[in-house]
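There are 6 protein chains.
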Amino acid sequence: MSEGAEGLAGFGFELGLLKRVRRSGWWHVGVKDPESVAEHTMRTAQLAALIAVEEGADPARAAFLALWHDSQETRTGDLPHTATPYMTKPDPRRITADQTQGLPGRSRDMVREAVDEYETGVSIEARCAKDADKVEMLLQAIEYRDAGVARTGGWVDSARKDLHTETGRRVAEAAVQISPLSWRDR
Amino acid sequence: MSEGAEGLAGFGFELGLLKRVRRSGWWHVGVKDPESVAEHTMRTAQLAALIAVEEGADPARAAFLALWHDSQETRTGDLPHTATPYMTKPDPRRITADQTQGLPGRSRDMVREAVDEYETGVSIEARCAKDADKVEMLLQAIEYRDAGVARTGGWVDSARKDLHTETGRRVAEAAVQISPLSWRDR
Amino acid sequence: MSEGAEGLAGFGFELGLLKRVRRSGWWHVGVKDPESVAEHTMRTAQLAALIAVEEGADPARAAFLALWHDSQETRTGDLPHTATPYMTKPDPRRITADQTQGLPGRSRDMVREAVDEYETGVSIEARCAKDADKVEMLLQAIEYRDAGVARTGGWVDSARKDLHTETGRRVAEAAVQISPLSWRDR
Amino acid sequence: MSEGAEGLAGFGFELGLLKRVRRSGWWHVGVKDPESVAEHTMRTAQLAALIAVEEGADPARAAFLALWHDSQETRTGDLPHTATPYMTKPDPRRITADQTQGLPGRSRDMVREAVDEYETGVSIEARCAKDADKVEMLLQAIEYRDAGVARTGGWVDSARKDLHTETGRRVAEAAVQISPLSWRDR
Amino acid sequence: MSEGAEGLAGFGFELGLLKRVRRSGWWHVGVKDPESVAEHTMRTAQLAALIAVEEGADPARAAFLALWHDSQETRTGDLPHTATPYMTKPDPRRITADQTQGLPGRSRDMVREAVDEYETGVSIEARCAKDADKVEMLLQAIEYRDAGVARTGGWVDSARKDLHTETGRRVAEAAVQISPLSWRDR
Amino acid sequence: MSEGAEGLAGFGFELGLLKRVRRSGWWHVGVKDPESVAEHTMRTAQLAALIAVEEGADPARAAFLALWHDSQETRTGDLPHTATPYMTKPDPRRITADQTQGLPGRSRDMVREAVDEYETGVSIEARCAKDADKVEMLLQAIEYRDAGVARTGGWVDSARKDLHTETGRRVAEAAVQISPLSWRDR
Numbered sequence: 663m664s665e666g667a668e669g670l671a672g673f674g675f676e677l678g679l680l681k682r683v684r685r686s687g688w689w690h691v692g693v694k695d696p697e698s699v700a701e702h703t704m705r706t707a708q709l710a711a712l713i714a715v716e717e718g719a720d721p722a723r724a725a726f727l728a729l730w731h732d733s734q735e736t737r738t739g740d741l742p743h744t745a746t747p748y749m750t751k752p753d754p755r756r757i758t759a760d761q762t763q764g765l766p767g768r769s770r771d772m773v774r775e776a777v778d779e780y781e782t783g784v785s786i787e788a789r790c791a792k793d794a795d796k797v798e799m800l801l802q803a804i805e806y807r808d809a810g811v812a813r814t815g816g817w818v819d820s821a822r823k824d825l826h827t828e829t830g831r832r833v834a835e836a837a838v839q840i841s842p843l844s845w846r847d848r
Numbered sequence: 663m664s665e666g667a668e669g670l671a672g673f674g675f676e677l678g679l680l681k682r683v684r685r686s687g688w689w690h691v692g693v694k695d696p697e698s699v700a701e702h703t704m705r706t707a708q709l710a711a712l713i714a715v716e717e718g719a720d721p722a723r724a725a726f727l728a729l730w731h732d733s734q735e736t737r738t739g740d741l742p743h744t745a746t747p748y749m750t751k752p753d754p755r756r757i758t759a760d761q762t763q764g765l766p767g768r769s770r771d772m773v774r775e776a777v778d779e780y781e782t783g784v785s786i787e788a789r790c791a792k793d794a795d796k797v798e799m800l801l802q803a804i805e806y807r808d809a810g811v812a813r814t815g816g817w818v819d820s821a822r823k824d825l826h827t828e829t830g831r832r833v834a835e836a837a838v839q840i841s842p843l844s845w846r847d848r
Numbered sequence: 663m664s665e666g667a668e669g670l671a672g673f674g675f676e677l678g679l680l681k682r683v684r685r686s687g688w689w690h691v692g693v694k695d696p697e698s699v700a701e702h703t704m705r706t707a708q709l710a711a712l713i714a715v716e717e718g719a720d721p722a723r724a725a726f727l728a729l730w731h732d733s734q735e736t737r738t739g740d741l742p743h744t745a746t747p748y749m750t751k752p753d754p755r756r757i758t759a760d761q762t763q764g765l766p767g768r769s770r771d772m773v774r775e776a777v778d779e780y781e782t783g784v785s786i787e788a789r790c791a792k793d794a795d796k797v798e799m800l801l802q803a804i805e806y807r808d809a810g811v812a813r814t815g816g817w818v819d820s821a822r823k824d825l826h827t828e829t830g831r832r833v834a835e836a837a838v839q840i841s842p843l844s845w846r847d848r
Numbered sequence: 663m664s665e666g667a668e669g670l671a672g673f674g675f676e677l678g679l680l681k682r683v684r685r686s687g688w689w690h691v692g693v694k695d696p697e698s699v700a701e702h703t704m705r706t707a708q709l710a711a712l713i714a715v716e717e718g719a720d721p722a723r724a725a726f727l728a729l730w731h732d733s734q735e736t737r738t739g740d741l742p743h744t745a746t747p748y749m750t751k752p753d754p755r756r757i758t759a760d761q762t763q764g765l766p767g768r769s770r771d772m773v774r775e776a777v778d779e780y781e782t783g784v785s786i787e788a789r790c791a792k793d794a795d796k797v798e799m800l801l802q803a804i805e806y807r808d809a810g811v812a813r814t815g816g817w818v819d820s821a822r823k824d825l826h827t828e829t830g831r832r833v834a835e836a837a838v839q840i841s842p843l844s845w846r847d848r
Numbered sequence: 663m664s665e666g667a668e669g670l671a672g673f674g675f676e677l678g679l680l681k682r683v684r685r686s687g688w689w690h691v692g693v694k695d696p697e698s699v700a701e702h703t704m705r706t707a708q709l710a711a712l713i714a715v716e717e718g719a720d721p722a723r724a725a726f727l728a729l730w731h732d733s734q735e736t737r738t739g740d741l742p743h744t745a746t747p748y749m750t751k752p753d754p755r756r757i758t759a760d761q762t763q764g765l766p767g768r769s770r771d772m773v774r775e776a777v778d779e780y781e782t783g784v785s786i787e788a789r790c791a792k793d794a795d796k797v798e799m800l801l802q803a804i805e806y807r808d809a810g811v812a813r814t815g816g817w818v819d820s821a822r823k824d825l826h827t828e829t830g831r832r833v834a835e836a837a838v839q840i841s842p843l844s845w846r847d848r
Numbered sequence: 663m664s665e666g667a668e669g670l671a672g673f674g675f676e677l678g679l680l681k682r683v684r685r686s687g688w689w690h691v692g693v694k695d696p697e698s699v700a701e702h703t704m705r706t707a708q709l710a711a712l713i714a715v716e717e718g719a720d721p722a723r724a725a726f727l728a729l730w731h732d733s734q735e736t737r738t739g740d741l742p743h744t745a746t747p748y749m750t751k752p753d754p755r756r757i758t759a760d761q762t763q764g765l766p767g768r769s770r771d772m773v774r775e776a777v778d779e780y781e782t783g784v785s786i787e788a789r790c791a792k793d794a795d796k797v798e799m800l801l802q803a804i805e806y807r808d809a810g811v812a813r814t815g816g817w818v819d820s821a822r823k824d825l826h827t828e829t830g831r832r833v834a835e836a837a838v839q840i841s842p843l844s845w846r847d848r
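Chains as they are written, first to last, in my numbering: chain A, 663 to 848; chain B, 663 to 848; chain C, 663 to 848; chain D, 663 to 848; chain E, 663 to 848; chain F, 663 to 848.
Treat the hints with care, since some could be wrong.
Here are the simulated DMTMM-like pairs of lysine to aspartate or glutamate, each with C-alpha atoms no more than 20 Å apart in a straight line [as the list claims (entries may be wrong)]: (1) C:823 - B:847; (2) E:823 - E:835; (3) C:751 - C:717; (4) F:823 - E:847; (5) D:823 - E:835; (6) C:751 - A:847; (7) B:751 - E:753; (8) F:796 - F:808; (9) B:823 - A:668; (10) F:796 - F:828; (11) E:823 - A:668; (12) B:823 - F:808.
From the structure, some residues in chain D lie toward chain A, with a derived Cβ separation under 8 Å [unchecked claim]: (13) 717; (14) 720; (15) 809; (16) 810; (17) 813; (18) 841.
Chain C side only, calculated, beta carbon under 7 Å to chain D, not exhaustive [claimed, not checked]: (19) 672; (20) 700; (21) 703; (22) 715; (23) 725; (24) 759; (25) 767; (26) 768; (27) 801; (28) 805; (29) 816; (30) 832; (31) 840; (32) 844.
The hints are simulated quantities; they were obtained by calculation from the structure and are not laboratory data. All C-beta atoms in this analysis are idealised placements derived from N, C-alpha and C, irrespective of residue type, glycine included.
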């Protein structure tokens, strides 16, 4: 499996790009050095698990889908919404296919199936992961607002109206009302 | 569950700290603005899944354990190795217990069990997650070396000698030999 | 012209994004916080003038074309080369048309004509601006190399083989041989 | 011209410093990592062209003057206003003379004439470039205000009262009234 | 003394870590890239001198104690308050003993005595240095508030109620009322 | 003393600028985000004490002089060496006089005397502080070299040939030979 090991190591280096690629939407509201895709991904996966367990779904699976949901951005970067009218959206499954072609079979199938399930968006776990993606953005918008950024309202609103689970909606509702420092006061 | 929703949102904000807390060891070798704990965590979880599926273990579970393995650092920061002689290591289970006490029951149990399984370190998935933690550090050390940092050797060595799975060892071996840009050349 | 003034101010704010959008290719070689599109654009415009005046072309016009050559990236970000297989390249003229539609007529025509001339790439000034775009990247690659980044060779090579003016080629040849600090030694 | 090529490459490296030198005034209001001189220069040149075309002046020439207006700061840095009582202001023409002495004749004359025309400040293009310098600072002040910085008022006021073209004044007036995100709403 | 010189140089490199270690509390309120321990230390030492001279104490001694008050954080990092319940506070004297063991005798004694006097906290100079530590945090909290950070109130309050000198109290009182830019207006 | 308290608080805010002003020379060698003046100042003061105690001078006084040696840079920024031919060097005593004019008498005299003694440069403590300024730069140059920066040689050389105490020279000699991580290996 030495070729397989090289494939895995090379894929590990490729995933490292997510630690450097910035989430581009925040540049629009004036954040100079916004969060990386990796930072967004970690909390999305954690939130996916929390939402899923409350919804009676499989939390490890929901977290797992979230873990790969933006992994194609090593090749395209994080495309802002304003790019939509000017390009066809890249197909995540196709990028994933290319990214994983040097992997051993089990690894390759595992990643491809996760991306496929997330993009298809039918399973309850996929829906929890998608809600987590929105809730994560909502929390970050509130954190930037509390760091001084004035025009995060559009991000908060778009996150709130796009949620499909009861838990996702309730967490979003709570997030806009409590202090981001509430956990310290307890 | 509105109290539960507040607990979940508050925990979400607490986890946000991992996007800002820096991995302290890299300051020692001269990296001014090193990766965040969240960035390390995302790739650790991805690597845990890859290692686990190759080892015949449950990849979603291994990734899930990795996802929470440093989540206590919201409260303590990332303690460098040089701190070891001067303090008792904080008990991760105790911090997790405090972090999750405002969560709804299912969420609380889920996080606590994941931290407990990782810390106990007996299950094959826990061992894959622990290897992923080391391999992630190894990849990052190589990435910093390629960005100019001279004294990453100690980090590379310590990662390599602490691996417990065959896949972890092989990926580490491959990583020190290939180019971090090998994925672009294909 | 108060509507025109609002259009100009709004366009000014949109161009401000170029001060925050990062040049994405450098993330691939491990630069965490690379130059902005605006930083690249300024030196490209300066180099375009220098190349043009040596080539007997109109330096102000060449600089002017360079000034708008990446201005569409406010809407798309800086797409890395690795994205090419997965999307149709956005049409710069179409984005420019949208960006300038709220401008007074003379401003609108001015920007559109500059983008059109650059993209058509036939005039000598457009060719000088395009060479400047490459030489700027070459200088930056050397500057990153001297700051420790190991794998800039691919960027240096691609810049050098894509030059169309005699001056561009000679400057590139000189750049790889002198010290970036040569100006201080004089 | 191989000596000329070295001179041009060396000058290109010197201009690269403008990508790193920070605009020092923003440190006073608490911005830790403010814009570079290059970032300011790019938008100043773009605004100079827009103001000039509306004023019936030569837009490429106005942009060209703006492109070199702070290029002397490679040697002095960006001197804050608070330094004024303690030093004689360095002579931009003298610095430019030194910076360009290794350039081929046409390049040397081109840069020196641009700096001279800007500093003399008599031509309509020079006045458009100078207004663009102020309007750029005004837009940046508003962008920092919207990112949370409280005390940008002095910068906004000083920019507004120092404008000499009708277009400059109208754009400034519009800028303080519209949202920096107005271009996205269209 | 060549061994002594190596000890001094090595200690100098260790102290360099304080230029990279971030003050962790600010991460809690959302500051992504907060001040370093070194930055905090410089102003603490300056304030200690100012407070001491007004209190009739020895200003050079008070500044000197402040200069070493966080120097142990090279080994532990800056532990946030939220870590308190989970660990025994490291003993600064013990860390200092280890840090200084390779130093020539006079240097060793000098640093150890300074840390001991500060930690004992009985001398008037130690009390001035401790007040300076709080006032410095207060000034920084106000500076972050003016840069947009919303939730600095807890830091301001905790600083104000923990002051032991009359001068410390009066400076704190003044700081919350004046503008951080008052020095420019004069 | 309420006016005095306002003066002290305002001076404290002014000194805060040193936490943001960057040391400009490092931009020349390609460091994008170099150390602040405050970071340099802290280690200079610590080194001044160490050098002084070995030289038989008063360590607290030497550290105290170092603490104010660049405090005038709140008003001028850090002027790079390349600026020297183009301006008269600002008079530190005159800036200090202005900075301290709103302070209570004892504070005012204290700061002015420290700056005067340092600038006069006759006392043994002033000479130790001046050597510390050079040794600090030397250590930082080595730290940047180990972080990948290629062209720090000129900085190392200029520091080494400008030292006036035996201890300063020996520490500099040792610094270029040992590893910056030697303190961790013990």
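For each hint, the structure was consulted:
no. : hint          : verdict
1   : C:823 - B:847 : 18 Å, holds
2   : E:823 - E:835 : 11 Å, holds
3   : C:751 - C:717 : 31 Å, violated
4   : F:823 - E:847 : 42 Å, violated
5   : D:823 - E:835 : 36 Å, violated
6   : C:751 - A:847 : 51 Å, violated
7   : B:751 - E:753 : 15 Å, holds
8   : F:796 - F:808 : 19 Å, holds
9   : B:823 - A:668 : 19 Å, holds
10  : F:796 - F:828 : 13 Å, holds
11  : E:823 - A:668 : 59 Å, violated
12  : B:823 - F:808 : 25 Å, violated
13  : 717           : 30 Å, violated
14  : 720           : 32 Å, violated
15  : 809           : 4 Å, holds
16  : 810           : 2 Å, holds
17  : 813           : 12 Å, violated
18  : 841           : 7 Å, holds
19  : 672           : 4 Å, holds
20  : 700           : 4 Å, holds
21  : 703           : 5 Å, holds
22  : 715           : 5 Å, holds
23  : 725           : 6 Å, holds
24  : 759           : 13 Å, violated
25  : 767           : 10 Å, violated
26  : 768           : 5 Å, holds
27  : 801           : 5 Å, holds
28  : 805           : 6 Å, holds
29  : 816           : 20 Å, violated
30  : 832           : 4 Å, holds
31  : 840           : 6 Å, holds
32  : 844           : 4 Å, holds
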